Amino acid sequence: MKVTANIADSIIEEVKELTNQSTITEAITIALKQWIDMYHIKALNTEVMDKPFEFRSGYSADSIREINRKR
Numbered sequence: 001m002k003v004t005a006n007i008a009d010s011i012i013e014e015v016k017e018l019t020n021q022s023t024i025t026e027a028i029t030i031a032l033k034q035w036i037d038m039y040h041i042k043a044l045n046t047e048v049m050d051k052p053f054e055f056r057s058g059y060s061a062d063s064i065r066e067i068n069r070k071r
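Using the working numbering, the first residue of the sequence shown is number 1, and each one after it goes up by one.
The reader is advised that the hints may include incorrect statements.
[As the list claims (entries may be wrong)] The list that follows gives simulated cross-link-like pairs (lysine-lysine, DSSO-like), each with its CA atoms no further than 27 angstroms apart: (1) Lys-16 - Lys-51; (2) Lys-33 - Lys-2; (3) Lys-16 - Lys-2; (4) Lys-42 - Lys-70.
[Unchecked claim] Cβ pair distances, simulated, as ranges: (5) Leu-44 - Ile-24: 41 to 49 angstroms; (6) Asp-62 - Thr-23: 50 to 58 angstroms; (7) Arg-69 - Thr-46: 32 to 40 angstroms; (8) Ile-7 - Ile-67: 47 to 55 angstroms; (9) Ile-67 - Ile-36: 52 to 60 angstroms; (10) Glu-54 - Ile-11: 25 to 33 angstroms.
Just so you know, these hints were derived from the structure itself, not from any lab.
Computed from a predicted structure; not experimentally measured.
The beta carbon of each residue, even a glycine, is placed where N, CA and C say it ideally should be.
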């Protein structure tokens, strides 16, 4: 998709430097993908904080290790 946006040159240059890209398109694409990934991670963290994982009764890390060793 072709987009026209007014973004300060200093921001563009910093994004290009931080993403190690020479083109504006690649730099912005990488930066946006990373931002989206971070957004999803934060949302997942919030979800886990609101409803923590619950393990089945009798679960232990030792028992899982034993199962994995037998494979």
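How the hints compare with the structure:
no.	hint	verdict
1	Lys-16 - Lys-51	violated (39 angstroms)
2	Lys-33 - Lys-2	holds (17 angstroms)
3	Lys-16 - Lys-2	holds (19 angstroms)
4	Lys-42 - Lys-70	violated (36 angstroms)
5	Leu-44 - Ile-24: 41 to 49 angstroms	violated (30 angstroms)
6	Asp-62 - Thr-23: 50 to 58 angstroms	holds (52 angstroms)
7	Arg-69 - Thr-46: 32 to 40 angstroms	holds (36 angstroms)
8	Ile-7 - Ile-67: 47 to 55 angstroms	holds (52 angstroms)
9	Ile-67 - Ile-36: 52 to 60 angstroms	violated (36 angstroms)
10	Glu-54 - Ile-11: 25 to 33 angstroms	violated (44 angstroms)
In the structure shown, a violation is registered for the earlier hints numbered 1, 4, 5, 9, 10, in ascending order.
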